[in-house]
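Engineer: Here the protein sequences line up with chains L and P, keeping their order. In terms of my numbering, the first sequence is numbered consecutively and its last residue is 138. In terms of my numbering, the second sequence is numbered consecutively and its last residue is 231.
Just so you know, not all the hints are guaranteed correct.
Subject to a maximum C-alpha distance of 20 Å in a straight line, what follows is the list of computed SDA-like cross-link-like pairs (lysine to any residue) [unchecked claim]:
(1) Lys224(P) <-> Tyr169(P)
(2) Lys215(P) <-> Arg194(P)
(3) Lys118(L) <-> Phe229(P)
(4) Lys118(L) <-> Asp87(L)
(5) Lys224(P) <-> Pro156(P)
(6) Lys118(L) <-> Pro156(P)
(7) Lys43(L) <-> Tyr169(P)
(8) Lys118(L) <-> Arg207(P)
(9) Lys215(P) <-> Leu82(L)
(10) Lys181(P) <-> Thr32(L)
(11) Lys118(L) <-> Asp212(P)
(12) Lys224(P) <-> Thr107(L)
(13) Lys43(L) <-> Gln134(L)
(14) Lys44(L) <-> Pro74(L)
Restraint ranges, calculated between C-beta atoms of paired labels, are given here [unchecked claim]:
(15) Arg141(P) <-> Arg31(L): 44 to 50 Å
(16) Asp14(L) <-> Asp164(P): 46 to 52 Å
(17) Asn140(P) <-> Asn105(L): 24 to 30 Å
(18) Trp13(L) <-> Pro126(P): 25 to 31 Å
(19) Pro126(P) <-> Thr15(L): 31 to 37 Å
(20) Pro131(L) <-> Asp130(P): 29 to 35 Å
Covered stretches of chain L (in silico footprint by chain P; criterion: 3 or more residues with CB under 8 Å from a CB of chain P, positions within the stretch not fixed) [stated by the list, open to error]:
(21) 18-30
(22) 86-98
(23) 120-134
FYI, nobody ran anything at the bench for these hints, they're computed from the structure. Each residue gets a CB set at the ideal place from its N, CA and C atoms; glycine is no exception.
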Amino acid sequence: MAAPHALGELVAWDTEVFRACTNKNFLNNTRTEIRDRAYLRRKKDTDGLSMGLTSEDAVRDLENFGVIGIGVGPIMNLPRNLEVRHDPELAGHALIQGLPYVDENETLATDVAWELVKLSRIVHNSAFYPPGHQHHQG
Amino acid sequence: MNFNGFDHIQEDEREKDAIIALSLAKCNPPWNLIGEPTTIISGSGGVFKLCPGCVSEETKKTSGFTYGGFFVQGTLEAVEVPTSGVCIVADVLSSKISEVLTATVGRVSRPNLVKVTLLQQIESLPETADYYEADENPPNRQTKEDAKRLILNVSPSGVLAGADVYAYYGDINISWEIQRKKIKLTIPAHGSNRPLSLYHGQMQGGRVTESDTEKNVTADRLRKWLDWFAA
Numbered sequence: 001m002a003a004p005h006a007l008g009e010l011v012a013w014d015t016e017v018f019r020a021c022t023n024k025n026f027l028n029n030t031r032t033e034i035r036d037r038a039y040l041r042r043k044k045d046t047d048g049l050s051m052g053l054t055s056e057d058a059v060r061d062l063e064n065f066g067v068i069g070i071g072v073g074p075i076m077n078l079p080r081n082l083e084v085r086h087d088p089e090l091a092g093h094a095l096i097q098g099l100p101y102v103d104e105n106e107t108l109a110t111d112v113a114w115e116l117v118k119l120s121r122i123v124h125n126s127a128f129y130p131p132g133h134q135h136h137q138g
Numbered sequence: 001m002n003f004n005g006f007d008h009i010q011e012d013e014r015e016k017d018a019i020i021a022l023s024l025a026k027c028n029p030p031w032n033l034i035g036e037p038t039t040i041i042s043g044s045g046g047v048f049k050l051c052p053g054c055v056s057e058e059t060k061k062t063s064g065f066t067y068g069g070f071f072v073q074g075t076l077e078a079v080e081v082p083t084s085g086v087c088i089v090a091d092v093l094s095s096k097i098s099e100v101l102t103a104t105v106g107r108v109s110r111p112n113l114v115k116v117t118l119l120q121q122i123e124s125l126p127e128t129a130d131y132y133e134a135d136e137n138p139p140n141r142q143t144k145e146d147a148k149r150l151i152l153n154v155s156p157s158g159v160l161a162g163a164d165v166y167a168y169y170g171d172i173n174i175s176w177e178i179q180r181k182k183i184k185l186t187i188p189a190h191g192s193n194r195p196l197s198l199y200h201g202q203m204q205g206g207r208v209t210e211s212d213t214e215k216n217v218t219a220d221r222l223r224k225w226l227d228w229f230a231a
């Protein structure tokens with residue numbers, strides 16, 4: 001297992017952060033609703049859940065099937081001890097830290113994921129490949 | 001005997017579910033209730049829709065079937081559902097099952113679209129890589145069968161309406177959600193030795209105020225929580 005990232009600075013409360021839909025199951029079949037699995041943390045998510053500071057950052061180097069956005073303030077306001085921190089090792093990258101692991105506490109993980117879904121919006125409901133992305137088609 | 005109309009409807013539905021279950025065991029997916037039939041045989045008993053796997057055998061039997069839509073030959077039986085024209089073919093495994101089929105002739109009104117749609121959603125869970133993480137496998141055939149078996153035993157079918165079905169690392173999640181309530185049934189990957197589980201939660205002001213996860217969920221428990229969800 002890789003060593004955990006050093007903690008970066010907190011992301012500003014008035015910021016929106018973005019998560020790439022790395023598979024089609026993040027959204028429902030009509031691509032109109034976010035599923036809780038978008039925010040379920042697994043053992044491999046050692047450092048937390050990956051977010052981008054922009055949609056472009058979120059999908060950098062990733063095949064994706066959409067992008068969802070969520071405000072940092074609303075995340076921090078949840079009584080769940082969650083934090084959104086910059087990744088000091090990768091510009092434009094942030095991490096939601098403090099999420100419970102679904103393998104350890106399924107109920108709590110589902111509670112938090114459901115709350116985060118309620119705070120989120122769909123930014124792109126299909127693949128988003130901005131200029132400069134390896135899959136971008138001009 | 002109870003002549004209460006609701007009891008009769010529920011009994012019909014249970015019998016129909018038993019037949020669908022048999023049909024699924026014989027011919028996956030539930031071809032006979034979904035989409036266009038492969039073959040239609042018209043006769044004095046009505047119109048029968050046949051699954052691809054049964055066509056050759058059924059075609060041989062056309063001279064044997066009688067009005068009422070019920071005939072027996074070899075190991076297959078066909079039951080007509082007169083008002084909808086849908087035919088269900090099932091494996092005949094025991095005399096008990098034959099009795100169920102006999103009792104159903106002329107009584108089942110039409111397939112329940114809510115349950116059929118849900119079965120179809122389970123059956124059609126995709127296997128393409130786009131739907132999964134690199135380290136994630138889609139649900140296998142046995143897991144889909146586990147999910148369908150549980151759903152088939154939920155009665156009445158109407159409580160199942162509005163489900164979202166999706167995969168999660170070999171598991172199948174079936175979720176019902178409204179603004180304040182959420183139920184998520186997790187059918188674990190077959191052979192994982194994890195129990196069926198059911199999350200139920202209530203939300204107020206954007207915060208989950210009550211929640212729990214039940215293990216070893218039965219169809220009756222799922223029905224109970226779906227009743228709570230709808231209340």
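Engineer: Please go over all the hints and tell whether each is borne out by the structure.
Structural biologist: Structure-based check of all given hints:
1. Our distance criterion of 20 Å between C-alpha atoms is broken by Lys224(P) and Tyr169(P), whose separation comes to about 27 Å.
2. Taken as a hint, the Lys215(P) and Arg194(P) pair is honoured in the structure, with Cα atoms around 9 Å apart against an allowance of 20 Å.
3. Restraint check for Lys118(L) and Phe229(P): satisfied, since their Cα atoms lie roughly 18 Å apart, inside the 20 Å limit.
4. A hinted pair counts as satisfied when its Cα atoms are at most 20 Å apart, and Lys118(L) with Asp87(L) does not qualify at roughly 25 Å.
5. Between Lys224(P) and Pro156(P) the alpha-carbon distance is near 11 Å, which keeps this suggested pair within the 20 Å criterion.
6. Between Lys118(L) and Pro156(P) the CA atoms are separated by roughly 30 Å; this puts the pair beyond 20 Å, and the hint is violated.
7. With a CA separation close to 13 Å, the supplied pair Lys43(L) and Tyr169(P) stays within the 20 Å bound.
8. Pair hint Lys118(L) plus Arg207(P) holds up; C-alpha atoms about 9 Å apart against a cutoff of 20 Å.
9. Between Lys215(P) and Leu82(L) the CA atoms are separated by roughly 28 Å; this puts the pair beyond 20 Å, and the hint is violated.
10. For the hint pairing Lys181(P) with Thr32(L), the CA-to-CA distance comes to about 19 Å; that is within 20 Å, so the pair holds.
11. The suggested pairing of Lys118(L) with Asp212(P) holds, with an alpha-carbon distance near 19 Å, which does not exceed 20 Å.
12. At most 20 Å may separate the alpha-carbon atoms for a hinted pair to count; Lys224(P) and Thr107(L) meet this at roughly 19 Å.
13. Restraint check for Lys43(L) and Gln134(L): the C-alpha separation of about 29 Å exceeds 20 Å, so the hint is violated.
14. Between the alpha carbons of Lys44(L) and Pro74(L) the distance comes to roughly 25 Å, so the proposed pair goes past 20 Å and is violated.
15. Taken as a hint, the range 44 to 50 Å is violated for the pair Arg141(P) and Arg31(L), whose Cβ atoms sit roughly 27 Å apart.
16. Range check, Asp14(L) to Asp164(P): about 32 Å between beta-carbon atoms, so the 46 to 52 Å window is missed.
17. Taking 24 to 30 Å as the suggested C-beta distance range, the pair Asn140(P) and Asn105(L) conforms, at roughly 26 Å.
18. At roughly 39 Å, the beta carbons of Trp13(L) and Pro126(P) sit outside the given window of 25 to 31 Å.
19. A hinted range of 31 to 37 Å holds for the C-beta pair Pro126(P) and Thr15(L), which are about 35 Å apart.
20. Taken as a hint, the range 29 to 35 Å is violated for the pair Pro131(L) and Asp130(P), whose Cβ atoms sit roughly 23 Å apart.
21. Restraint check on the region 18-30 of chain L versus chain P: 6 residues with Cβ-Cβ distances below 8 Å, three needed, restraint holds.
22. Only residues whose C-beta sits within less than 8 Å of a C-beta in chain P count toward coverage, and the region 86-98 of chain L has 0 of them, not enough to reach three; the restraint is violated.
23. Counting residues of the region 120-134 of chain L whose beta carbon lies closer than 8 Å to any beta carbon of chain P gives 0, which falls short of the minimum of three for the stated coverage.
In this structure, the hints that do not hold are numbers 1, 4, 6, 9, 13, 14, 15, 16, 18, 20, 22, 23, in rising order.
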